[in-house]
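**Student:** Below are the chains, spelled out letter by letter.
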Amino acid sequence: MEHIQRQPDRVARSRSRLLDGLQRWLPKLVVAPTFVLVGVGIYAFMIWTGVLSFTSSSFLPVYEFIGFDQYAKLMANDRWLTASVNLGIFGGLFILSCLVISVLLAIFLDQKIRQEGAIRTIYLYPMALSMIVTGTVWKWVLNPSLGLEKLMHDWGWASFSFDWLVSSDMAIYTIVMAAVWQASGFVMALFLAGLRGVDSSIIRAARVDGASLPLIYGKIILPSLRPVFFSALMVLAHIAIKSFDLVMAMTAGGPGYSTDLPAVFMYTHTFTRGQMGLGSASAMLMLGAILALLVPYLYSELREKRHD
Amino acid sequence: MTDVVRTGIRPSRVAIYGVLLLAALVYLIPLFIMLVTSFKTPMDIRTGNLMALPTDWTIIGWTKAWSEACTGVDCGGIRGYFWNSFKMTVPAVLISTLLGAFNGYVLSKWKFKGSNLFFGMLLFGCFVPFQVVLLPMAATLGQLGLANTTTGLVLVHVIYGVAFTTLFFRNYYVAIPDALIKAARLDGAGFFTIFFRILLPMSTPIFMVSLIWQFTQIWNDFLFGVVFASGDSQPITVALNNLVNTSTGVKEYNVDMAAAMIAALPTLVVYIVAGKYFIRGLTAGSVKG
Numbered sequence: 107m108e109h110i111q112r113q114p115d116r117v118a119r120s121r122s123r124l125l126d127g128l129q130r131w132l133p134k135l136v137v138a139p140t141f142v143l144v145g146v147g148i149y150a151f152m153i154w155t156g157v158l159s160f161t162s163s164s165f166l167p168v169y170e171f172i173g174f175d176q177y178a179k180l181m182a183n184d185r186w187l188t189a190s191v192n193l194g195i196f197g198g199l200f201i202l203s204c205l206v207i208s209v210l211l212a213i214f215l216d217q218k219i220r221q222e223g224a225i226r227t228i229y230l231y232p233m234a235l236s237m238i239v240t241g242t243v244w245k246w247v248l249n250p251s252l253g254l255e256k257l258m259h260d261w262g263w264a265s266f267s268f269d270w271l272v273s274s275d276m277a278i279y280t281i282v283m284a285a286v287w288q289a290s291g292f293v294m295a296l297f298l299a300g301l302r303g304v305d306s307s308i309i310r311a312a313r314v315d316g317a318s319l320p321l322i323y324g325k326i327i328l329p330s331l332r333p334v335f336f337s338a339l340m341v342l343a344h345i346a347i348k349s350f351d352l353v354m355a356m357t358a359g360g361p362g363y364s365t366d367l368p369a370v371f372m373y374t375h376t377f378t379r380g381q382m383g384l385g386s387a388s389a390m391l392m393l394g395a396i397l398a399l400l401v402p403y404l405y406s407e408l409r410e411k412r413h414d
Numbered sequence: 002m003t004d005v006v007r008t009g010i011r012p013s014r015v016a017i018y019g020v021l022l023l024a025a026l027v028y029l030i031p032l033f034i035m036l037v038t039s040f041k042t043p044m045d046i047r048t049g050n051l052m053a054l055p056t057d058w059t060i061i062g063w064t065k066a067w068s069e070a071c072t073g074v075d076c077g078g079i080r081g082y083f084w085n086s087f088k089m090t091v092p093a094v095l096i097s098t099l100l101g102a103f104n105g106y107v108l109s110k111w112k113f114k115g116s117n118l119f120f121g122m123l124l125f126g127c128f129v130p131f132q133v134v135l136l137p138m139a140a141t142l143g144q145l146g147l148a149n150t151t152t153g154l155v156l157v158h159v160i161y162g163v164a165f166t167t168l169f170f171r172n173y174y175v176a177i178p179d180a181l182i183k184a185a186r187l188d189g190a191g192f193f194t195i196f197f198r199i200l201l202p203m204s205t206p207i208f209m210v211s212l213i214w215q216f217t218q219i220w221n222d223f224l225f226g227v228v229f230a231s232g233d234s235q236p237i238t239v240a241l242n243n244l245v246n247t248s249t250g251v252k253e254y255n256v257d258m259a260a261a262m263i264a265a266l267p268t269l270v271v272y273i274v275a276g277k278y279f280i281r282g283l284t285a286g287s288v289k290g
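Protein chains in written order, with my numbering: chain A, 107 to 414; chain B, 2 to 290.
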């Protein structure tokens with residue numbers, strides 16, 4: 107178009123065309139490294155793991171295809187069953203406790219509290235810690251002989267006994283505790299940000315009409331925070347499914363394999379027990395679980411946007 | 002009127018402050034226990050209890066954790082691993098943030114056919130459970146001769162961090178009016194001129210968010226460290242876990258706690274110094290503005 111309207115001399119024209127071409131390609135050129143890194147590092151590798159899950163790979167990858175055998179083996183595997191049930195217990199309790207605690211704290215902290223900044227800083231600092239650090243500390247706090255139990259004995263509660271960390275029935279709950287301690291402050295910050303976004307004139311109007319504060323929160327404010335609930339749910343579910351560090355630091359899956367989670371199962375079988383095929387199948391199922399959460403979430407997000 | 006409301010609210014104010022302070026205590030106590038234990042002697046730990054202050058304060062736990070403690074077979078303390086973590090974290094943070102800045106710039110201001118698809122690809126990458134890429138990544142790092150090296154870990158952290166940094170910058174730059182860019186283009190400014198002269202000067206907050214987020218994530222990572230590194234190249238989190246879960250000899254909880262403090266200090270300091278950026282990073286993308 108340009109060269110029809112204007113008549114620049116030939117050299118300048120070819121140079122500008124070169125520059126134009128470069129300008130057009132530059133954005134793509136700049137994102138190309140990321141495209142390659144992510145394309146290979148996430149997508150190709152994902153497919154690769156998918157392929158491995160259909161092979162009989164043990165200590166090394168081999169490409170001898172055996173169909174869905176690994177998945178069938180996985181479903182019949184006691185340890186996988188335990189890991190899945192644990193994920194249900196851990197995920198359910200972790201998400202629910204985090205949501206309840208953080209909504210309450212956020213509402214309380216939203217009442218024009220003095221020193222709000224300092225309190226918020228205290229609630230959130232665990233999120234800056236590595237899960238390994240968190241696990242190390244909680245392992246010490248819950249130490250069956252020298253930890254909480256001894257503290258209570260010293261403080262005069264002689265019959266107090268707390269050995270959850272080494273009990274195969276209860277150990278999973280100690281991991282819930284540590285995880286809630288670490289993540290609830292962060293979820294609180296999400297809700298607090300949400301609460302700050304609620305139009306205060308609505309609240310004032312409701313108060314003029316004589317509505318009580320709990321009623322206003324229950325009927326007006328919390329329902330309007332639905333998107334925040336969804337986001338928090340997504341983030342927490344994501345943390346739960348990926349949880350690995352905390353278990354490794356606190357129990358390493360024990361006693362026995364009573365605190366195994368899918369991520370721990372995948373790691374142990376793939377990298378220490380030489381069952382790559384089985385490990386890959388378990389990784390694919392984890393991906394499936396995330397997709398089952400993600401697709402409806404993204405769908406609702408996109409649909410809401412279109413309505414706007 | 003306001004006075005009436007105020008006096009009516011007072012008892013509940015007390016309850017609110019009570020709950021908030023109690024919660025603050027619950028969040029603080031583990032840190033207190035960790036600190037106090039790290040300054041005790043092993044004797045003190047056995048005779049005292051979690052909340053008791055040390056009868057005689059000692060830094061022996063700290064010095065031992067730093068330079069003598071056993072992490073598996075190796076007994077040189079955690080200092081080597083501490084520096085490993087720095088050598089891994091600093092380049093990985095810088096590279097992933099720079100890549101993210103340019104990606105975000107392109108994906109918001111220089112959209113091309115397929116750029117939205119690319120962004121969707123990246124977004125999805127934020128959610129993928131890493132278990133699904135571990136094995137191929139281990140094989141590939143081995144092929145490249147990067148297995149068990151800090152360089153390998155840097156590469157891994159760049160790949161799996163760039164989706165987040167791109168998201169940060171893209172969402173930040175989207176809010177900057179396109180008219181500004183168009184005007185600059187009419188004036189003859191090119192791709193890089195616009196970025197360095199117009200966007201970069203107003204990007205300090207989002208750079209802070211990205212740097213802090215990446216620093217925390219990469220410093221605290223355990224999964225990649227334990228899978229892709231061994232022996233001398235391990236990061237601090239892996240060394241800490243080895244130290245704590247080594248079953249040989251008498252357990253020295255003061256050393257464990259000192260080591261945990263050392264591993265936690267860099268991210269804690271960053272959090273205390275630049276907390277507001279940290280929170281913004283955590284909430285970015287989670288709360289729709």
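Since the hints were derived computationally from the structure, they do not count as laboratory data. Quick caveat: nothing in here was measured; it's all calculated off a predicted structure. Glycine included, every Cβ here is placed at the ideal spot set by N, Cα and C. Hints are supplied without guarantee of correctness; some may be wrong.
[To be verified] Here are the simulated distance ranges between beta carbons:
hint, chain 1, residue 1, chain 2, residue 2, range
1, B, K277, A, F141, 26 to 34 Å
2, B, G232, A, I195, 46 to 54 Å
3, B, V251, A, S306, 35 to 43 Å
4, A, G394, B, K114, 52 to 60 Å
5, B, I177, A, S306, 38 to 46 Å
6, B, F113, A, R409, 23 to 31 Å
7, B, I17, A, P329, 40 to 48 Å
8, A, A317, B, W84, 41 to 49 Å
9, B, P178, A, P329, 49 to 57 Å
10, B, I273, A, L132, 39 to 47 Å
**Student:** Each of the hints needs a verdict: does it hold here or not?
**Tutor:** Right, here's what the structure says about each hint:
no.: 1; hint: K277/B x F141/A: 26 to 34 Å; result: 33 Å, holds
no.: 2; hint: G232/B x I195/A: 46 to 54 Å; result: 36 Å, violated
no.: 3; hint: V251/B x S306/A: 35 to 43 Å; result: 59 Å, violated
no.: 4; hint: G394/A x K114/B: 52 to 60 Å; result: 31 Å, violated
no.: 5; hint: I177/B x S306/A: 38 to 46 Å; result: 29 Å, violated
no.: 6; hint: F113/B x R409/A: 23 to 31 Å; result: 26 Å, holds
no.: 7; hint: I17/B x P329/A: 40 to 48 Å; result: 22 Å, violated
no.: 8; hint: A317/A x W84/B: 41 to 49 Å; result: 59 Å, violated
no.: 9; hint: P178/B x P329/A: 49 to 57 Å; result: 34 Å, violated
no.: 10; hint: I273/B x L132/A: 39 to 47 Å; result: 41 Å, holds
This entry does not satisfy hints 2, 3, 4, 5, 7, 8, 9, going by the numbered hints stated previously.
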